[in-house]
Amino acid sequence: MTTIIPFGPQHPVLPEPVSLKLEIDNDVVVGVLPSLGYVHRGLEKFIDTKDYNQTLYICERICGICSALHGVTYARAVEKLFDVEVPERAQYLRVIWGELNRIHSHLLWLGLFADGFGFESLFYECWKYRESVLDIMEMTVGNRVIHSMAKVGGTSKDLSKEHIDLILKTLDTLEPKIKDIEKVFVNNYTVKKRLVGLATMSKQLAYEAGTAGPTLRGSGNAIDVRETEDWDIYRDLDFKPVVEKDGDCYARTKVRIGELYESIKLVRNAISKLPNGEIAVPIKGSPTGEAIMRCEMPRGEVVYYVKGKGTKNLERLKIRTPTFANIPSLLLTLPGAKLADVPIIVLTIDPCISCTER
Amino acid sequence: MSLAKSPWIIHVNCNSCNGCDIEVVACLTPLYDAERFGLLNIGTPKQADIMVVTGSVNYKSVNVLKNIYNQIPDPKVVLAVGACASTGGIFHDCYNVIGGVDQIIPVDAYVPGCCPKPEAIIDGVVAALSILENKKKGNIRGKEVKLKGKEVASNA
Amino acid sequence: MMENTVMLLITVPILFSLLFLVLGKSLYKILAWAFFIFGTVFSVLLVMDGTGRFEITGSNFAMIENVVLILEVLVILFIFFVSAKYKNWPTLGLAVIVAAISAYSYMNVAAIESASFNIDQFSQVMVLIVNIVGTAIILFATGYMDEYEEHRHLNRQKTFYFTMSFFIAAMNGLVMVDTLGWLYLFWELTTLCSFVLISYNMDEEGINNGFRALALNLVGGISFAIAIILLSTKFNISTLSGIGTEAASATVVALPAALLCIAGFAKSAQMPFHSWLLGAMVAPTPVSALLHSSTMVNAGVYIIVKLVPAFAGTSLGTAIAVYGSFTFVMCSALALSQRNAKRVLAYSTIANLGLIIASAGIGTPLAVAAAIMLILFHAISKALLFLCTGEIEHTIGSRDIEDMSGLIKKAPLLTILAALGMVSMLLPPFGVLLTKWVSMQAASQNPIVIVFLILGSALTTVYYAKWLGTIMSSTMDKNVVTHKKPETYFPLSFLGSAIVVTSILVFAIYDYFIRPQVETLLNAAPVISGQAGQFASEIGAFAYAAIFVVLALALLIYVATKNMFTPRKSSYYMCGENNLEMDRLMFRNGLCSYDKSNVSNIYLENTFGESKLTTIGYAISIILIVIALAGGVL
Amino acid sequence: MLENEVEIKSSAELLKTVEGLKNDGYRYATMICLKANEGHDLIYIFEKDYKLKNLRYYLKPGEKPKSVSGIYLCALLIENEYQDLFGLTFEGLAIDYKGHLYLTPNSPKTPLA
Amino acid sequence: MNVNDVLTAVLVLIGAPIIGCLAAGIDRKLTARLQGRVGPPLLQPYYDVKKLLSKDNMIVNESQNLYVVVYVAFMILSLLMLVFKADILMIIFVYTISSIALIVGGMSTGSPYARIGSSREIMAILSYEPVLILYALAIYLVTGTFKLSAVLDASTPLLMYTPLIFIAMLFVLNIKLKKSPFDYSTSHHAHQELVKGMLTEYSGPGLAGIEIGHFYEYVFLTGLIFVFWTVNPLIGVLISIAAFLLVIVIDNITARVYWQWMLKLSWTLLLAISIVNIAFLYITKPTLV
Amino acid sequence: MGMLNLVLANVSRKPATRLYPFEIREPFKGFKGRIVFNPDNCILCGICQKKCPPDAITVTKTDKTWELNVFRCIMCTECVSGCPKDCITISNERAKTGTKEYIKILVPKSDTPKAASK
Ligand code: SF4
Ligand code: SF4
Ligand code: SF4
Ligand code: SF4
Ligand code: SF4
Ligand code: SF4
Ligand code: SF4
Ligand code: SF4
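Chains as they are written, first to last, in our numbering: chain A, 79 to 436; chain B, 5 to 160; chain C, 2 to 635; chain D, 129 to 241; chain E, 8 to 296; chain F, 1387 to 1504.
FYI, nobody ran anything at the bench for these hints, they're computed from the structure.
Hints are supplied without guarantee of correctness; some may be wrong.
Here are the in silico distance ranges between beta carbons for each label pair [claimed, not checked]: (1) Q532/C with S61/E: 40 to 48 Å; (2) A241/D with M565/C: 54 to 62 Å; (3) A161/E with S115/C: 56 to 64 Å; (4) G388/A with E166/D: 41 to 49 Å; (5) T1448/F with V162/A: 39 to 47 Å; (6) R313/A with A241/D: 37 to 45 Å.
Computed list of lysine to any residue pairs in SDA-like fashion (alpha-carbon distance at most 20 Å, straight line) [unchecked claim]: (7) K36/E with K1400/F; (8) K270/A with L1390/F; (9) K1415/F with S210/A; (10) K1450/F with K1471/F.
Note that the Cβ used here is the ideal one computed from N, Cα and C, for glycine as well.
Here chain A stands alone, though its shape is the one from the complex:
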């Protein structure tokens, strides 16, 4: 007889409400049916009542973790409709905050992941260092988690000299700390016991399953939209995607740790190249036409589709978030795993249900 249990929505290892109906035979998962909808709010309908400026605040709240980049990507999508060029300083600022956001997001994930395999003190280590990034955010944009720094046409905040000094100083102290954490994730015997070879996806499988972000790159696919000409700032910043070959939970962890270093590098480069000038251009009128904008979020590639109809309100807004792309891969990786591995495998795609369901 198989064991059938609900896993979620309210479950301490799942910070977000998602429910899996697990069928387990001999401690091995044989069937899984995800249940979504616990955080479906219906954001895409909001454009009927909110204008394109207000919609930005809603997009930021698609998910509180990568909210900065949601705001940026939305703004860039609308800017594409208007066909305006954002001042260069604003572009750099967006990158700085965006990458800081990624650092906080990855540290957060590393912590939750550690918690997922019962390593509480490692979880605390990760979150301890993450706070320094949040302090930067609080000081520079006025809020720890939801930043509201982007706006259509540029950014709403600027970085002062002292802010920049603080950021550089924080990064200098953060980097060795990350090295410490990395050692544990990469070398600890029990951690490796849990992660190596778990939920392996081959390069081909990860590609065809439509996964995104570290999940995709952990399987050896060097795909990161920061490389595209879409957002050419990154080209100037000497960006390289972080890729691991093995495709297991261990590899995905290493990708995210590698991206921490990459982000630190990007922030430093962006600061060193930060031009002077305006931080926003005024936007007038109402958008028309269709545009697709992509951006690499901490969890992977996000796709924004916007369609204007010549009024302040958009006609259609559609967001394909990274977790949305990654969830189907769970259907492939969960069967065959042990029950104790379920939280790890779920967490390994860095799920963000709130953006999946919007």
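Start from chain A and add chains B, C, D, E and F with the ligands according to the hints.
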């Protein structure tokens, strides 16, 4: 004072954007270390005293919320964290949003903000604790929140 | 006086068996009650008669000896007949060998002039088990068999009760008679009875398994017969007790003793013979209960314990100890992966018999005491467990342990009795554990045996705890059952109380039965004192009284404090997705419909599964037997 | 008009094109559903080497679109989503949530339709 | 039973939970410090128990708290037997009663997570029980009796002859305290795939009972370690404390592993080293004097 | 043994914990704590209400009231930048936790401003 020294919380993410949730979790981490007050994030409602709810309520999470509330032994308090949980916040008029948590279960304290700082959440817990003490003294019990037929409706 | 009791104990069960054959179904219940009362009274009478031996000589003997001979011929003919009828050639072959050996012994072995019965404390214990537990099982059967047959469209109850009663007669004879020739007859009679009972359903599976039991026990029987021939021709020994007493030079009789032990192994279903006992599971549950607790398998360990003087302290003894403890650990491991309750019990029986044999093999006074006590306690607990399983099967229609989850809600009394049976198998203060404790202490001198015992006892804890937890879990809906016949519940409750009472009186039992018996067997008694509610040997103390007291206290405290706190019933934690209107275990799934949650235990089939272990078990056990035999010859 | 946009005329053609794209090594990115002239526009977005390829398929009112989840398993989520939000019915879905991916029987029906 | 014995018993009955509570407090405080936090007050476990006792008795089935009482009662009995230097084999059996009571209690609630947790705990028994009995056997081999009094009266510490068993016992301590890496059946932190595992359905007074039982268990388990060095009680206590601290540190530097892994570990490594030690004792036949 | 080093270092160091509420850290200058409304210049134009994404502000011309639902405000500061009269500013002090509170203010500030709670 026994209750106030050992608040065990259960965190229920109802319909939230994660902003509030990560701040709730941040309260437990070394920088804020809510365990200084004996606070534990206990996984099961059966052992919790304080129900920390983040996010507004939607049609799917409503019976989860009720079930969890009913499974917390008295005395208990409910703390709504963030604009969403308090009033529905920015999502208050979304089609799938019923509203703030107090539309469904009695809420004892609210924490404003989107998202609130961990300090604010700690303030909220402290406020909740005195309410908890009062409830114990006055032997005030939470009413069993019934699941309405409509809410448990299935397509089976 | 004693002679009469002995004779009555053999003849009255035969009388009962004939009555069952003659009288109608409606009278079975009365008969069974009468049988139970007879068995109880007369076995107690036998105990009160005291110990001793008597001979049957002269014309009496001649007459009975003729009957014995005729019966032996009949037994062989019957085996010929059935094996030919069902075309079971291996059995037929074995029967031919048996016939040949019998013929050989008839011609070559000097006839005996008298036969003797020897009633010692061990016989008394066995008689008590056979006649009280055994008849309780028959009583249970009268409340069980109607329903059993109804569902299988059978009508063979006459055969059933006849054989069951006859079985008891045969067992009574087996445990009291001292003359090897007669013992052999009773031995083969039990084999035959078990064949009839196992193939009771008359379907292919039943008949095959019956033949397996028959064949394997015939192998044992052959070994037995050869031993008798060897003993009488080489050593001029014709009684069981003779082997012990004359064995001052133990190595002399080692080979026949080893052969007798192998007969005992077969009867006790030790590896590699164990498959017949597993096959016996197809029979109705009372049959299993009877085979496992009071009759068949006990005959094997009975012989082995009786032979202790012949091998105590020798290398044969050590080999037997290692062999027994190996069976113990192997079958405990095999039980781990089983979810069929009867199979679990079967493995548990084999394992416990292994433990008995191991204790006997160790051969110290303490160990032999443990062996005899374990036979007693195991019989009671196992009878209860089997009967409970049967009753559970009738209650829920399944003998799968997983299906029993939540039984406490459906059949509280039955569940508590079953739980008592299980607890008595794995936890102190109950007798089985006490004897396990004693054997561990006794075995602590032999490193291999003790390590096997330790591993086996951990495994035992696991498979019983699993089952215990499953029946105690409250997952079923309340819906109390209807089967509540006195015929079924009286034996169950009786056995349940017997567990408790014997465990409380353990020291008295020890003092009255076991100590003198060990003294007769080994001329030395274990140093055990029973003060302050402790069962204390020189190397340890089993504080059973303290545990009973604490258990009682715990119950008292629970009842007293139960209402001190405001109780509030709640639903299960289902991650918030309960549906209280439907079922306590229902939860909503992704399709917005509902699923029932279900949890099954861990069975470790990949490590402890039958397919993984059985072959290894066969190999090692056969090697160990060969070593034992070799030890016997050398 | 989006870049690299291809108009698809029939559902058979759609499946064939998607099949072809998969063989060419395209990744399924997502699908957009828009209300258009009583019916719906479905824009299938594929990606290869950072380049997007968009297939636009006009879905007549009442027409039941064919699911591409048989070709790209990951399409099942978005198709189920549109079943919920637009009330479409996709044929041949790998896992059919029957309109209950996000919404429950008591929540508003087809909110975006 | 003389007056002294009664006094000792009462002292144990009252003193053990206090020590256990402090130990639990130290555990939490030290864990917090290892994690760079301030941590709860030392008396936090006491506050927790007091709080739990004042809560509603929320149950899913009538008998679930019976098992708690049995658990605590036999925990106390095994501790008392330890203090009164009874038969070590017996003590282990009595201790098994309490473990089984808790497991059956978890199972009896019938809730899915509790049942899975309990099945895992049964597997834990399978891993540590042989080691525990081998520990008893080692005591027998060096003293010629299973009675603990022999160890306590001896003038050579047990540890001298049983270093490998000592190491195995450290693992047992780790398993029994349900500390990482072996906290898979129920965990002191709730971030576990089984929520609170075995104890998921316990709340209020029932849970308080279990906590109190844990206090006794802390003392009992460290008591088993203490037996390794009774010659100088101070050193014995220090060793026990060191073992306890070691377990806490290990808890903080390891991830949770699978029960399968633990079973493998204990049936290979732990049993092997224990058996090597036992074999050594058989061969050299040392006696504690 | 990377983790061992980390945890042992933690013990040897002072805990990282900020002792809130016993030691209160000065909020950063730019922290968006709460909305402060100065009714003096308000012309009840309603722009803030229109700009506010979560509809936290209600301006009622007839009653001359300006109302803010603190528990709905998401601190986006659209109202601050939108107000033509700069009546709305932002403070780096956090809004209070507790029971629900609305700020309902009469404009102009002839009457005493009152905070009504519901
Ligand atoms: S889930 Fe991703 S996209 Fe959504 S807010 Fe978080 S980081 Fe941003
Ligand atoms: S995965 Fe989702 S719930 Fe979990 S931390 Fe990230 S955003 Fe929050
Ligand atoms: S994965 Fe999705 S929900 Fe999560 S942070 Fe990224 S965009 Fe947001
Ligand atoms: S209040 Fe703000 S941060 Fe909190 S859940 Fe709602 S939108 Fe997210
Ligand atoms: S087990 Fe079931 S089917 Fe069989 S006789 Fe009993 S009630 Fe009937
Ligand atoms: S604020 Fe300006 S726009 Fe608004 S009503 Fe007054 S004058 Fe008109
Ligand atoms: S800050 Fe934003 S949410 Fe708050 S009142 Fe102003 S506009 Fe509304
Ligand atoms: S606060 Fe400013 S924007 Fe709002 S009504 Fe008054 S003047 Fe207008």
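Quick one: are A161/E and S115/C within 56 to 64 Å, going by C-beta? Check passed, 59 Å falls within 56 to 64 Å.
Would you check the hint for K36/E and K1400/F, treating anything up to 20 Å between C-alpha atoms as holding? Roughly 14 Å between the alpha carbons, so the hint for K36/E and K1400/F holds.
Would the pair K1415/F and S210/A pass a check requiring their Cα atoms to be no farther apart than 20 Å? holds, 17 Å
Given the hinted pair K1450/F and K1471/F, is their alpha-carbon gap at most 20 Å? Holds. K1450/F to K1471/F sits at ~16 Å (cutoff 20 Å).
Between K270/A and L1390/F, does the CA-CA distance stay at or below 20 Å? Within the cut-off at roughly 16 Å; holds.
If I claimed the Cβ atoms of T1448/F and V162/A lie 39 to 47 Å apart, would that claim hold in this structure? This hint holds: roughly 41 Å between Cβ atoms.
Does the Cβ pair R313/A, A241/D satisfy 37 to 45 Å? Taking Cβ atoms as reference, R313/A and A241/D lie about 42 Å apart, which means the hint holds.
Outcome of range test on Cβ distance (A241/D, M565/C; 54 to 62 Å): holds, 59 Å
Within 41 to 49 Å or not, the Cβ separation of G388/A and E166/D? violated, 21 Å
Please test the hint of 40 to 48 Å on the beta carbon pair from Q532/C and S61/E. Distance hint for Q532/C, S61/E holds at roughly 45 Å.
Violation of the numbered hints given earlier is confined to hint 4; every other hint is satisfied by the structure.
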